[in-house]
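Protein chains in written order, with our numbering: chain A, 258 to 596; chain B, 258 to 596; chain C, 258 to 596; chain D, 258 to 596.
It is possible that some hints are incorrect.
Copies of the same chain are indistinguishable here, so a pair counts whether it falls within one copy or spans any two.
Straight-line distance between alpha carbons at most 20 Å, and here's what the computed EDC-like set of lysine to aspartate or glutamate pairs gives [said to hold, decoys possible]:
#1 K413 <-> D438
#2 K276 <-> D561
#3 K289 <-> E324
#4 K352 <-> E595
#5 K263 <-> D286
#6 K279 <-> E323
#7 K416 <-> D438
#8 K458 <-> D435
#9 K351 <-> D301
#10 K416 <-> E323
Read the hints as simulated data drawn from the structure, not as lab findings.
Note that this is a predicted model, so its numbers are computed, not measured.
4 protein chains.
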Amino acid sequence: MIIILKENTPKEFVNKLTKNIKSKGLQIDISKGARKTVLGLVGDTSVIDREQVQGYDYVDKVVRVEEPYKRASRSFHPQDSIIDIGGGVTVGGKKIAVMAGPCSIETPDQIEGVAKDIAAAGAAMLRGGAFKPRTSPYSFQGLRDKGLDMLVTAGKKAKLPVVTEIMSADKLDVFLKDGVDVIQIGARNMQNFDLLKAVGKTRKPILLKRGLCATIEEWLMSAEYIMAEGNHNVILCERGIRTFETYTRNTLDLSAVLAVKHKSHLPVVVDPSHATGKRWMVADLAKAAVACGADGIMIEVHNDPDNALCDGAQSITPDMFTALMGSLRQLAPIVGREI
Amino acid sequence: MIIILKENTPKEFVNKLTKNIKSKGLQIDISKGARKTVLGLVGDTSVIDREQVQGYDYVDKVVRVEEPYKRASRSFHPQDSIIDIGGGVTVGGKKIAVMAGPCSIETPDQIEGVAKDIAAAGAAMLRGGAFKPRTSPYSFQGLRDKGLDMLVTAGKKAKLPVVTEIMSADKLDVFLKDGVDVIQIGARNMQNFDLLKAVGKTRKPILLKRGLCATIEEWLMSAEYIMAEGNHNVILCERGIRTFETYTRNTLDLSAVLAVKHKSHLPVVVDPSHATGKRWMVADLAKAAVACGADGIMIEVHNDPDNALCDGAQSITPDMFTALMGSLRQLAPIVGREI
Amino acid sequence: MIIILKENTPKEFVNKLTKNIKSKGLQIDISKGARKTVLGLVGDTSVIDREQVQGYDYVDKVVRVEEPYKRASRSFHPQDSIIDIGGGVTVGGKKIAVMAGPCSIETPDQIEGVAKDIAAAGAAMLRGGAFKPRTSPYSFQGLRDKGLDMLVTAGKKAKLPVVTEIMSADKLDVFLKDGVDVIQIGARNMQNFDLLKAVGKTRKPILLKRGLCATIEEWLMSAEYIMAEGNHNVILCERGIRTFETYTRNTLDLSAVLAVKHKSHLPVVVDPSHATGKRWMVADLAKAAVACGADGIMIEVHNDPDNALCDGAQSITPDMFTALMGSLRQLAPIVGREI
Amino acid sequence: MIIILKENTPKEFVNKLTKNIKSKGLQIDISKGARKTVLGLVGDTSVIDREQVQGYDYVDKVVRVEEPYKRASRSFHPQDSIIDIGGGVTVGGKKIAVMAGPCSIETPDQIEGVAKDIAAAGAAMLRGGAFKPRTSPYSFQGLRDKGLDMLVTAGKKAKLPVVTEIMSADKLDVFLKDGVDVIQIGARNMQNFDLLKAVGKTRKPILLKRGLCATIEEWLMSAEYIMAEGNHNVILCERGIRTFETYTRNTLDLSAVLAVKHKSHLPVVVDPSHATGKRWMVADLAKAAVACGADGIMIEVHNDPDNALCDGAQSITPDMFTALMGSLRQLAPIVGREI
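Bound-form chain A, shown alone (with noise of 0.2 Å):
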């Protein structure tokens, strides 16, 4: 940590400043420039609050040198995590994990259809939705119970692991007495700390979904809540973030896949569905997540987008999957994986 005073600063302050920060066991190197002093502080710094150093009138910036993650850090562990979601099914590693399904569960006939002919196209799990965040309060909320169970059993017939979110921490038993693979925290959730520690406490696989207006730091932040609590089993998803651009719903950002697998270890897929909400997009952006190195891509899909419930806007059909599969499967090996 590196800390910058003003012009002008007191001797006196900068004293109680180097004896405060020696107390707690780190050594300082001062450098006295033309018009500002700078401190290094040399040691574990993770004792020191960098948001009260900040606040010392004195202070001018305070600059981290080491990441505010451990856990989910590469430095820590410079392999890539490879995650067993069970099944023989894995995210991380070699081989690209293909995530699909309808946004929301509606029918045990259109959730194991789907997943009938998803799994036949070869995705690897089954995704859907029971419980449904949704801006508006009279907008269709998902099945609840009754769809998670609908996908359990659509998830064990077709043979898939299934991923489905999960809003509140008092749900935690049933997502884990009904078998969910994988549970999902959503972007609207993505520093709900309380759920993040409540899903840290047990040792499903996470699937953390960036938060809308997340820097790629507080998503990394978010993963280390989980990761704190003993649940090292965390996916990354990037689904998108909100700029000026409102075209397409938000702006997918493949930049932060890169970014996210250099300073982490953990696996990162990408949402095409969600960051464009627009369908005919979809297919491409799959491509171009694979082709920058994604470990995984997560693609809503509908048997009747245009009567679905929720996000058919967005929703390709599974013949327009089956397609996509068929490219993807051609396109992994020029970047070293396989589908």
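Given chain A, put chains B, C and D in place with the hints provided.
Then chains B, C and D, alone, in the frame of chain A:
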């Protein structure tokens, strides 16, 4: 609601769509342009799921004519709402409500000292955090239940109603039993819909902070979630949005205050402390907030900001607060208000 | 164009407005909802100034049905445009155009060396900056006229057409006389309308970079400025937009490539070097760009990036470029293209 | 300047880099942490190109200690600058400068009528656009030279200095000859560096609007471009930035006013008309701007906004302007200013 169809939309689709819409009790005005066809829906369009219609391949755009919120809308409640906090304090009328106190409750002495100082300066409510949402799992997370007790005690001693943040619905019982006067939903939980529903089931005043990247419409929809459960005692709080500018922690959006008061009858307060993260900006922006019509302000005040356990950088001292109150007392009458 | 009027709009205003609109040769469909009135304008609405209509106090919203651009719109030119650069090079067809070269031209040896290397690797065009837009007046501003000469000479020797940025219309004569093949308008000048008009009066291919915070519509309107003057040889270039994320210099928006190709017939190339500012991200994002359908890529290549006078951080070496070209050659056919 | 090196940086690189830096007359303090090495550069670091250093693969981060601007910095000029406009008008002192007038100059009657009205209400300067930057090539582009004449004539008759926008350096002669008092650089040209240099060669006061997505630092660097040419008469103008919120045309960033006055000695005025695009927001945000310390405001006033050729939606009437001036006259003394 207006539906704009793409060029060359087949007649059968138009027929199918209009039949579908009419079956829901709506009337349709069709307007054929040179290349595009426009459907104007007349009636209660809340029965139409906009996202589903947007999902049809032949649909170019769907434009809302009516706002998607009702209980929060000024159309349905033209007069300003005045929220009664108890103890003679209201938010939303002629009198500007000033809420002040430390970011975190640290000790009984600290919170009681600050409470006494701000009461003397004329504050209407005491704020203080017991449950703290922090980006890092390694940062101070608040004194939790113990902090809540200290706050309520301090409020009683200083005869000030108290406002404090809830992070999880399972703490609601404690908040109610302890006698918290206003329950705050923080920016990161603005779309934690399960939490919104839970506080909506109480009749306590709720202070709903705007999310870091929430549009004005999304913010009002979150208010609608609370109101749809029957709790109409909602106070909105603008606290800065995330933009590309990083010099300030966030960008305070004062035009949002005007926008929200235009579209909704709910009162709006402004938090310049979190918006800027800089102590020396707080007083000037508080004046700006009052000058443009805010119904209240929320200010972080700490008796020893340089040693605050949290957010010291943005806390002002009791002396600075007293001086600010003096200025606001002069300023308020110029814009037709009082403090 | 659709005009939505506010509740309680007086009849006289509606009459005045409709009379005014009809006097311009348009027809109006009036649709009265429960609370609001909607006017649908049929005919050539380009005679209506949208901002002026938006200005009336009784007008709630004005929604465009037709796009505001014509010459740039795919509606008016359904086939993809293929821009002929000369020397057998085209942009926009099946063949993906790769433009490469240093950020700044520094010496004849440097630019000729890079030109030779990229030509050997299969690049189609040589890029290099002679006039450099720099944030600081104290940074290197380019070799200017002398640099232009070096670039053109290097291009001729390597048999590569050249592309370089113009910053001021008064340099247009020199660009034309020297034989620059493609004139680049930089992101910061995307709405320098006088410059757009000036290059619109030539018939040279123009590479129009997207502004840092330009919407897709504004970008196409800037293309329209050039085309309205008679120059239809416009190539668009996505180079990242400004968002809240600061880890990358900008956020590359690949969904914009799809959006622009959907709405316009103009070819789009992608510049991953400026988008990220990080050398190690360039190749992976170049692959992603090709995978999702870009018509070309623009890459900064420097023979000695660590000593580059400008933007060394994002330049790759000729060896890295050659390896990238190898990957792209494999990848292109999978998406129906070739290099 | 501080350079943070990555882990495992080889000794030879550190030696090469430090030798290189010392050869430029700087001293280096080296601080070795547990995993990373930090170099503190002492001396005139303006000789170091930050981007070049950032380009080395072993460099993790480069942090500036000193600001990159000099002439614009308060460190080099602690007192507030007061810009003399002529005719007894100044910007930057105790007196708040109010600039008002129509978006576009339309007829002599229009501009003279508005000039008379705003002069009577106490405005200090007359604004009006003769050269208009418009998103669409098909929108009204201003009366150009003829409009300039009308504006100057109107200013003389009303005894008000005039301010108007320049879009191209080749019009500078006309602006100077006609006697324009303040030359405005619009938001879209804030980084049109050739135009900045051109107006920097004059000694006329320059009103420099903030770019739509310009950081505070970039804005000050653009002021530095003008000042580096010798023209220190720069007035900054905050006019809203582009964010995800679309309800207002832009988001007015009043904290930027405080930030700029903190970092620079240059005066700052606020334009609430362009920031919001909504007439009914203008007066309240003008009050907020004055309340938080702006040195002036710039307001669009039109005698017949509903028929304005440009931006009528955000223009207020002379009567509304007169009322606003009355409020500001009461408000200014409370914050130690006068009008």
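We went through each hint and held it up to the structure:
Taking the closest pair of Cα atoms, K413 and D438 come within 20 Å of each other only inside a single copy of the chain (11 Å); across copies the shortest separation is 49 Å, beyond that limit. For the identical chains of this complex, K276 and D561 are inter-copy neighbours only, at 19 Å across copies versus 68 Å inside a copy, given an alpha-carbon limit of 20 Å. Proximity of K289 to E324 under the C-alpha cut-off of 20 Å is restricted to the inter-copy arrangement: shortest distance 16 Å between copies versus 25 Å within a copy. Taking the shortest Cα distances, K352 and E595 sit within 20 Å of each other inside one copy (5 Å), while across copies they are farther apart (27 Å).
With identical chains, the CA atoms of K263 and D286 are at most 20 Å apart both within one copy (17 Å) and between copies (19 Å). Only within a single protomer do K279 and E323 lie at most 20 Å apart by alpha-carbon distance; the minimum there is 18 Å, versus 26 Å between protomers. Only within a single protomer do K416 and D438 lie at most 20 Å apart by alpha-carbon distance; the minimum there is 12 Å, versus 52 Å between protomers. Within a single copy, K458 and D435 get their C-alpha atoms as close as 17 Å, which meets the 20 Å cut-off; across copies the closest is 29 Å, which misses it.
For a Cα distance limit of 20 Å, the shortest separation of K351 from D301 qualifies neither inside one copy, at 35 Å, nor across copies, at 50 Å. For a Cα distance limit of 20 Å, the shortest separation of K416 from E323 qualifies neither inside one copy, at 43 Å, nor across copies, at 46 Å.
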